Amino acid sequence: MATDPIYVGTGDQADISLLDILDHVLNSGVVIHGSIVISLAGVDLVYLGLNVVLTSVETAMRHLEKESRVRR
Amino acid sequence: MAPETGIRNAPLLEVEEEGLRAFYSEYKPSAEGAREDALAFFSVNRAIFRDAAIIPFRFPTVLESEEALAEHLVEHATQYATALQKLADMVQMEVRLTLPPEKSKAESGSAYLKEKQQRSKALTTAEAAVRKTAGGEATEWKYRETREGLRCYALVERNHAAEFAKRLSKAKPEKPVTLAVTGPWPATEFI
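Sequence lines, in order, name chains S and A. Take this note's numbering: the final residue in the first sequence is number 72, and no numbers are missing along the way. Take this note's numbering: the final residue in the second sequence is number 263, and no numbers are missing along the way.
Hints were generated in silico from the structure; no laboratory data involved. Only a predicted model underlies this, so the values are computations on that prediction, with no experimental measurement involved. Be aware that a few hints might be false.
As the list claims (entries may be wrong) - Cβ-to-Cβ under 7 angstroms is the rule here; a few derived chain A residues that face chain S:
1) 110
2) 130
3) 131
Note that beta-carbon positions come from the ideal geometry of N, C-alpha and C, so glycine has one too.
Put together the whole structure using the sequences plus the hints.
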């Protein structure tokens, strides 16, 4: 039975946990061509500040909305 | 067990094709609450991952319709089934080896290059030591460079994940390399 992700090692555990989670959901996993996928590839998110991660995601989302409006 | 709701408490729905089951929810990406949405997505994955191997999609993956998702499953059924079979009892453990930010005191180009070589060597030495510590527990092992150092991925039997993490956390790389072990994660690096 799998357990929740554990974090062992140096560093602030809470910070590592949240950044690791966001890094995994944003950077890992299957990419479907033709779907709308926000790619933040090429940037290792883990050691950026959380605000930057949030900003990057929100910036990408705004870009997506802008593209959708242009297509209409 | 899959939860009843997904992102923003939308009902979590299922599609089944060719022996595969995909979970999804209605979602309209927006800048507001992007982080919370990503974390909610992770929570759903985690709940299902507790009981079964999963192949997560990258967040956010948005398709036009349930039919589009079904088509995708049919098209890639063999690949997904093979991967899930391989990963049935396996999880991904990660080891992050990092160096402190570079603060070069080199006074020449060659001195700078030498510093970089030493940093690189410290990491490769640490990676080799950690991989040796992992031993046969890691049925597969890979690593990649990151801006801060190296990120190592180990494919490990689900039941051994906690013990693996504990053992690797005792590996003490030579300073200034630091080590962090996380997991278990869905084995996306080994699909």
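Minimum beta-carbon distance criterion (7 angstroms), residue 130 of chain A to chain S: holds (4 angstroms)
Evaluation of the interface hint that places residue 110 of chain A against chain S, nearest CB under 7 angstroms: Nearest chain S Cβ about 5 angstroms off; hint holds.
Restraint satisfaction for residue 131 of chain A [CB to CB of chain S, less than 7 angstroms]: holds (4 angstroms)
In summary, this structure violates none of the numbered hints.
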